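J.: If you want the building blocks of each chain, they are given just below.
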Amino acid sequence: MAKIVAGFGTSHTPAIGAALDLGKKDEPYWAPLFKGYEPAKQWMDEVKPDVVIMVYNDHVNAFDFKIIPTFAIGCADEFGIADEGWGARPVPVVKGYPEFASHLVQSLVLDEFDITIVNDMEVDHGLTVPMSLAFGQPDAWPARVIPLSVNVIQYPAPTGNRCYNLGKAIKKAVESWDEDLKVVIFGTGGMSHQIQHERAGLINKPWDTAFLDDLTANPQRLVEMKPLEYLREAGNEAIELVMWLTMRGALGDDAQEVYRFYHVPASSTGVGHIIIETKDFYEERHGKKAA
Amino acid sequence: MSGPKPKPNEYDDIPGTIVFDAQRARKGYHLNQFLYSLMKAENRKEFLSDERKYLDKFPMLEEQKVAVMARDWNTLLDLGGVSYALAKLAFTDEHSYQYMAAEMCGMTQQGYADMMIAGGRSLDDGWRFKHEREGKK
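Residue numbers (the working numbering), protein chains in the order written: chain Y, 384 to 674; chain U, 44 to 180.
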């Protein structure tokens, strides 16, 4: 059966993609950030997932304002790279997995999550920057990708609780697919940041640190957190972090943090990264009991 | 009669922040659709060659058009623009997101970049509540 083995949480700041694409990764501003993702790339190289479920948000690129889906799953064979206003990123086209994606949609709708089906769309930095951070700059991405787009642009985004429960339903949906697939689920966006009006540039490192801690120590606190707290304490755009709770919900109980990195700044953003393995995968991979 | 008025929102007392909610999205719809059109290179070129003429193709409010031509970012936020769409206008001018963010908070781009390198804007400077911010000004 297909199985989710781990979650990969990461910010998806567009400037990170631009730095990579323009060959700036060794410049003093960027070098510490990319160094912090080296272990992540090694981990990915060892784990070699077959499929990535990418929980991300579109930034007014695939979707304009005519239709704003709260949750949408990409079921296409492939997804082109959007021109967000400065030309498309020079990264490989993203290959989907239509049969598996369609199965997930079907299972989720029957589980009472009303997913929008997308058969044709381009993907933006919200999806491609995490791919670059996880897999580097290959000629073709080494895993197939199921894009799961969440509306976090127009208030209100779905609640943390809703996103977490969606993650649980995704776990169930994946495990009901009869093919040996190793799946890694990404939660992207955040961490603290605000990129509008007079409060632009807000960073709240203690808040971010507590969020990373509680993904394993006390997920229930995060699940119950109100939208207002994200906005007030961590910036208007920090609400993206609800997408990390979908990732967390898909990992089950007793998941284990195996890597973490935090850095300020990337442009206007506090950058956070975490890898959390499921209990089963952790015990198999490390040969010891999960704590 | 002035029509129905929504109740104040609990997020309205966050200083220097305009939450893109349903009412603002409604007001900003045509503005944001104009901004979305700038995703295409040929549209960026057409817009830059005659901004007024290009804007007149969209049923936007006059004040939105004026604010677009003035690159008056905070007014555009007030008039229902959303920052990710506004960024496409900055990109059309070959500016970065950070350039736009610096202008929104009245800082030079270098000053803003330095603030970020030093750890970003701190909430402790009165940025949690409007009443708190008033006291710091």
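Just so you know, the hints here were simulated from the structure itself, not pulled from any lab data.
It should be emphasised that the depicted structure is a prediction, and the values quoted were computed from it without experimental measurement.
It is possible that some hints are incorrect.
Claimed, not checked - Computed spacing ranges between beta-carbons, pair by pair:
(1) Y:I451 x U:K88: 25 to 31 Å
(2) Y:G470 x U:R114: 43 to 49 Å
(3) U:K88 x Y:R668: 49 to 55 Å
(4) Y:K478 x U:E89: 45 to 51 Å
(5) U:T151 x Y:G635: 29 to 35 Å
(6) Y:Q425 x U:S92: 28 to 34 Å
(7) U:F172 x Y:A593: 19 to 25 Å
(8) Y:D637 x U:K100: 46 to 52 Å
(9) U:E85 x Y:P539: 51 to 57 Å
(10) U:D93 x Y:K565: 28 to 34 Å
(11) U:E53 x Y:D563: 32 to 38 Å
(12) Y:I500 x U:G46: 46 to 52 Å
(13) Y:K407 x U:S92: 43 to 49 Å
(14) Y:P521 x U:R114: 34 to 40 Å
As the list claims (entries may be wrong) - Mimicking DSS-like on lysine-lysine, the simulated pairs with C-alpha atoms at most 30 Å apart in a straight line are:
(15) Y:K418 x U:K100
(16) Y:K478 x U:K83
(17) Y:K551 x Y:K408
(18) Y:K408 x Y:K418
(19) Y:K662 x Y:K418
(20) Y:K588 x Y:K609
(21) Y:K588 x Y:K555
(22) Y:K407 x U:K100
(23) Y:K424 x Y:K609
(24) U:K100 x Y:K609
(25) Y:K609 x U:K96
(26) U:K70 x Y:K407
(27) Y:K478 x Y:K449
(28) Y:K407 x Y:K672
(29) U:K173 x Y:K449
(30) U:K96 x Y:K449
(31) Y:K609 x U:K48
(32) U:K100 x Y:K449
(33) Y:K408 x U:K100
(34) U:K83 x Y:K449
(35) Y:K554 x Y:K609
(36) Y:K671 x Y:K609
(37) U:K108 x Y:K609
(38) Y:K588 x U:K83
(39) U:K179 x U:K50
(40) Y:K424 x Y:K551
Note that CB positions come from ideal geometry on N, CA and C, so glycine has one too.
J.: With reference to the structure, classify each hint as holding or not holding.
T.: Verification of the supplied hints:
no., hint, verdict
1, Y:I451 x U:K88: 25 to 31 Å, "holds (28 Å)"
2, Y:G470 x U:R114: 43 to 49 Å, "violated (21 Å)"
3, U:K88 x Y:R668: 49 to 55 Å, "holds (53 Å)"
4, Y:K478 x U:E89: 45 to 51 Å, "violated (34 Å)"
5, U:T151 x Y:G635: 29 to 35 Å, "violated (49 Å)"
6, Y:Q425 x U:S92: 28 to 34 Å, "violated (49 Å)"
7, U:F172 x Y:A593: 19 to 25 Å, "holds (21 Å)"
8, Y:D637 x U:K100: 46 to 52 Å, "violated (57 Å)"
9, U:E85 x Y:P539: 51 to 57 Å, "violated (36 Å)"
10, U:D93 x Y:K565: 28 to 34 Å, "violated (54 Å)"
11, U:E53 x Y:D563: 32 to 38 Å, "violated (48 Å)"
12, Y:I500 x U:G46: 46 to 52 Å, "violated (37 Å)"
13, Y:K407 x U:S92: 43 to 49 Å, "violated (32 Å)"
14, Y:P521 x U:R114: 34 to 40 Å, "holds (39 Å)"
15, Y:K418 x U:K100, "violated (48 Å)"
16, Y:K478 x U:K83, "holds (24 Å)"
17, Y:K551 x Y:K408, "violated (36 Å)"
18, Y:K408 x Y:K418, "holds (9 Å)"
19, Y:K662 x Y:K418, "holds (27 Å)"
20, Y:K588 x Y:K609, "holds (19 Å)"
21, Y:K588 x Y:K555, "violated (34 Å)"
22, Y:K407 x U:K100, "violated (39 Å)"
23, Y:K424 x Y:K609, "violated (33 Å)"
24, U:K100 x Y:K609, "violated (41 Å)"
25, Y:K609 x U:K96, "violated (44 Å)"
26, U:K70 x Y:K407, "violated (40 Å)"
27, Y:K478 x Y:K449, "holds (26 Å)"
28, Y:K407 x Y:K672, "violated (41 Å)"
29, U:K173 x Y:K449, "violated (33 Å)"
30, U:K96 x Y:K449, "holds (23 Å)"
31, Y:K609 x U:K48, "holds (25 Å)"
32, U:K100 x Y:K449, "holds (17 Å)"
33, Y:K408 x U:K100, "violated (41 Å)"
34, U:K83 x Y:K449, "holds (17 Å)"
35, Y:K554 x Y:K609, "holds (24 Å)"
36, Y:K671 x Y:K609, "violated (36 Å)"
37, U:K108 x Y:K609, "violated (36 Å)"
38, Y:K588 x U:K83, "violated (37 Å)"
39, U:K179 x U:K50, "holds (28 Å)"
40, Y:K424 x Y:K551, "holds (26 Å)"
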